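Novice: Position chain B against the provided structure of chain A, taking the given hints into account.
Protein sequence lines correspond, in order, to chains A and B. Counting from 1, position 3 in the first sequence corresponds to residue 3 in the working numbering; the numbering is continuous, with no gaps. Counting from 1, position 333 in the second sequence corresponds to residue 333 in the working numbering; the numbering is continuous, with no gaps.
Everything labelled a hint here was simulated from the structure, so no lab data went into it. As the structure is a computational prediction, the values presented were derived from the model and not from experiment. Among these hints, one or two may not hold up.
[To be verified] Keeping only pairs whose Cα atoms sit at most 27 Å apart, straight-line, the calculated BS3-like set for lysine-lysine is:
1. A:K64 <-> B:K64
2. A:K64 <-> B:K372
3. B:K64 <-> A:K372
[What the hints assert, rightly or not] Label-pair ranges, simulated between beta-carbon atoms:
4. A:S35 <-> B:H62: 22 to 28 Å
5. B:H62 <-> A:R161: 47 to 53 Å
6. A:P146 <-> B:P185: 53 to 59 Å
7. B:Q82 <-> A:V317: 49 to 55 Å
8. A:H339 <-> B:D91: 35 to 41 Å
9. B:G33 <-> A:E78: 22 to 28 Å
10. B:D158 <-> A:D226: 52 to 58 Å
11. B:P146 <-> A:D12: 31 to 37 Å
12. B:G89 <-> A:E13: 36 to 42 Å
Glycine included, every Cβ here is placed at the ideal spot set by N, Cα and C.
2 protein chains.
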Amino acid sequence: MTDPHRLAARVDEIRHFGVMAVADEAWRLEHEGRSVIWLLAGEPDFGTPPPVVEAAHASIAHGKVHYTSSLGIPALREAISQHYDTRFGADVPVDRIVVTTGASGALSLALAALVDRDERVLMTDPGYPCNRAFTRIFEGVAATVPVGADTGYQLTADHVRSRWDDRTRGVLLATPSNPTGTVVPSAELDAIAAATTELGGTLVVDEIYSELVYDHPPTTVLDRLDDVFVVNSFSKTYGMTGWRLGWLVVPEWALDAVARLVQNLYISAPAPSQWGGVAAFTPEVTTEVERRRTVLHSRRDLLVEGLRSIGFAVPVVPQGAFYVYADCSAFGPSGDVAHRLLHEAGVAVTPGDDFGVHDADRHVRFSYTAPKSRLTEALDRMAKLLS
Amino acid sequence: MTDPHRLAARVDEIRHFGVMAVADEAWRLEHEGRSVIWLLAGEPDFGTPPPVVEAAHASIAHGKVHYTSSLGIPALREAISQHYDTRFGADVPVDRIVVTTGASGALSLALAALVDRDERVLMTDPGYPCNRAFTRIFEGVAATVPVGADTGYQLTADHVRSRWDDRTRGVLLATPSNPTGTVVPSAELDAIAAATTELGGTLVVDEIYSELVYDHPPTTVLDRLDDVFVVNSFSKTYGMTGWRLGWLVVPEWALDAVARLVQNLYISAPAPSQWGGVAAFTPEVTTEVERRRTVLHSRRDLLVEGLRSIGFAVPVVPQGAFYVYADCSAFGPSGDVAHRLLHEAGVAVTPGDDFGVHDADRHVRFSYTAPKSRLTEALDRMAKLLS
Chain A
1 MTDPHRLAAR VDEIRHFGVM AVADEAWRLE HEGRSVIWLL AGEPDFGTPP PVVEAAHASI
61 AHGKVHYTSS LGIPALREAI SQHYDTRFGA DVPVDRIVVT TGASGALSLA LAALVDRDER
121 VLMTDPGYPC NRAFTRIFEG VAATVPVGAD TGYQLTADHV RSRWDDRTRG VLLATPSNPT
181 GTVVPSAELD AIAAATTELG GTLVVDEIYS ELVYDHPPTT VLDRLDDVFV VNSFSKTYGM
241 TGWRLGWLVV PEWALDAVAR LVQNLYISAP APSQWGGVAA FTPEVTTEVE RRRTVLHSRR
301 DLLVEGLRSI GFAVPVVPQG AFYVYADCSA FGPSGDVAHR LLHEAGVAVT PGDDFGVHDA
361 DRHVRFSYTA PKSRLTEALD RMAKLLS
Chain B
1 MTDPHRLAAR VDEIRHFGVM AVADEAWRLE HEGRSVIWLL AGEPDFGTPP PVVEAAHASI
61 AHGKVHYTSS LGIPALREAI SQHYDTRFGA DVPVDRIVVT TGASGALSLA LAALVDRDER
121 VLMTDPGYPC NRAFTRIFEG VAATVPVGAD TGYQLTADHV RSRWDDRTRG VLLATPSNPT
181 GTVVPSAELD AIAAATTELG GTLVVDEIYS ELVYDHPPTT VLDRLDDVFV VNSFSKTYGM
241 TGWRLGWLVV PEWALDAVAR LVQNLYISAP APSQWGGVAA FTPEVTTEVE RRRTVLHSRR
301 DLLVEGLRSI GFAVPVVPQG AFYVYADCSA FGPSGDVAHR LLHEAGVAVT PGDDFGVHDA
361 DRHVRFSYTA PKSRLTEALD RMAKLLS
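Extracted from the complex, chain A is given alone in its bound form (with noise of 0.2 Å):
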């Protein structure tokens, strides 16, 4: 006789978040009465626009409460669609937008219709850890790649050639990334595409931090590629995490895929949640994240000088998400130092290897989602660790 309680192999390969066990200790620590300053969150610190709120309210009210069009309500495919066109003149079809339980519902789909089993799909080290469960519970491969300061803590087209293989079907990038917060150049980014295109696999590319960009404009690939799949979200732009919202952008060829899978795997995003993102793209909401760039824009400045200032190493000033991925290696490695930065100066951040194997135990990640104030404050109590 078998077992009965064993598990899918594919489980063994699934890690729990480490920033889940960080978090638990540091509301221990507060629950004692100590001081923690939480810089460890992967969402922003700001809440729900009004306008997002007062919309979704409305159609609760309404009774519109019940399953969805499983690929959106019109209402907000459409708004998606003109917000390309608009903010950055892409002509991407309302058709080809496919509304989510959030990024993870995007990335979930987007692998289920393109990965086999045992193919394999490109992706930096440090990476956003579930990309590598993504990639896994359809039986795929992860094939991380290393990747350090010296292209920004991103894959080039020089690694997808190198790396590639017959079974591997595609690559997985995010620009800004999470832990990095850094971006694929443009000129890079096309050079991926079309490498990636010529060995004939398929492009993934995460925007889910690129309204949050500090030192230039906010782009999309879709301005200028069409065969590509795009996962977004409203999460990080619209502080809007809880809504679990977000959508795909799906190429000609998979829609039809996509629709099947979407169907039977999810029925429909939450409809409250669809309701109140139509809202966020009023003009009202579009000051509130301007608002909100600029002040994340200058916590970032505020964060990356503060910490090379105590002796953390910034190769790359992160150029987006709200993010500061930190050599912490001057104090000694990164699970030490991360419990140490908790214990002994009440400073919560997440280390290294949440993201990866490469360098992890030199690495922690900073998230700015802390008012300047406390950010002031986490430096100080670091300086005087550190110093």
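Specialist: Relative to the frame of chain A, chain B by itself:
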């Protein structure tokens, strides 16, 4: 060079819901001014009870719009655990309850945790079509078992024993079932559970319709079995389909695996839905569910009797859900019958081939998700057409 536009093999086996094509046609007819009675939907025509709406509104207004704990907010997990205790005397610890993004999320998690590539999961034909998809996406095999009126359209322990082989991982059953509305008798369910364990497999029980039963009080397998996965949802019981909120009860030995999966694949279920869901377990809502159950009960009796008098065969009275799976072979193949009912009588029903292949062309599914006056009108129209 390989085709860069190739899709994963699994996609070929995941189908559109046929019901969507019928719905599109019905919308078109309505748009032309035709009267259509919708007996099509997999969701109740009832809305979300006011206490749930108010709780969701309040949580959003208070800024509870961030990611939640990935297993669900403690208040909701505790409310579900308490519900099992007060309603069924079942001891289901909070630790074993994982809040999910609808029953869809719960089914995904259970099958991702259990099923290795090429492993088989036994399930009924006819059955909920997504169950086949959830198995296939993780590279498992949906091993469908043709079932008929002789077993109440449900699996038996004999089925499990006779269909088992060394690649079988477990059994997935739904009680009551979609599309048949039939319930697995308690003694048979216990025999299935015993057979499954004895054979070295795991049982997954979908109880999403378990509160909507008409001939006996609601039940759960959790009042006597621990070593099972149980899928449930707020959708059908509480009129909350669009909120995408469900839960999975997980056996102890799989808790850590499911926790890792849910972190990576979903992050968390929608926050406003979770806060709303807490209010679903209040006395006011319980009273409303009782009222709805009474309404559905009387609709069922009306529809079953009416269909039989027209000449549809309903050999087993469906004990639950809001479906009648009727043999329409006296009037022709089910696709033709459904087409005629829609176009010539203005009655929208689902052809049997959405639910499998076994005798699918002899059956259509009627959803009694319309008031009795409309059901009566639908029966009159069908009687005129078919007599």
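Novice: Each hint should be assessed against the structure and marked as holding or not.
Specialist: Evaluation of the provided hints:
Restraint check: the Cα-Cα separation between K64 (chain A) and K64 (chain B) comes to about 21 Å, which is no more than 27 Å; the hinted pair holds. About 23 Å separates the Cα atoms of K64 (chain A) and K372 (chain B), which keeps this hinted pair within 27 Å; it holds. For a cut-off of 27 Å, the pair hint linking K64 (chain B) to K372 (chain A) stands: about 23 Å separates their Cα positions. A C-beta distance of roughly 24 Å is found between S35 (chain A) and H62 (chain B), which places it inside the suggested range of 22 to 28 Å.
In this structure, H62 (chain B) and R161 (chain A) meet the distance hint of 47 to 53 Å, their C-beta atoms being roughly 52 Å apart. Judged by the Cβ atoms, the range 53 to 59 Å given for P146 (chain A) and P185 (chain B) holds: they are separated by roughly 58 Å. Restraint check, Q82 (chain B) to V317 (chain A): a C-beta distance of roughly 51 Å satisfies the suggested window 49 to 55 Å. In this structure, H339 (chain A) and D91 (chain B) meet the distance hint of 35 to 41 Å, their C-beta atoms being roughly 38 Å apart.
The supplied range of 22 to 28 Å is met by G33 (chain B) and E78 (chain A), whose beta-carbon atoms lie about 26 Å from each other. As the Cβ distance of D158 (chain B) to D226 (chain A) is approximately 55 Å, the hint placing it in 52 to 58 Å holds. At about 36 Å, the beta-carbon gap between P146 (chain B) and D12 (chain A) stays in the expected band of 31 to 37 Å. The hinted range of 36 to 42 Å is satisfied by G89 (chain B) and E13 (chain A), whose Cβ atoms lie roughly 40 Å apart.
Hint violations for this structure: none, all hints satisfied.
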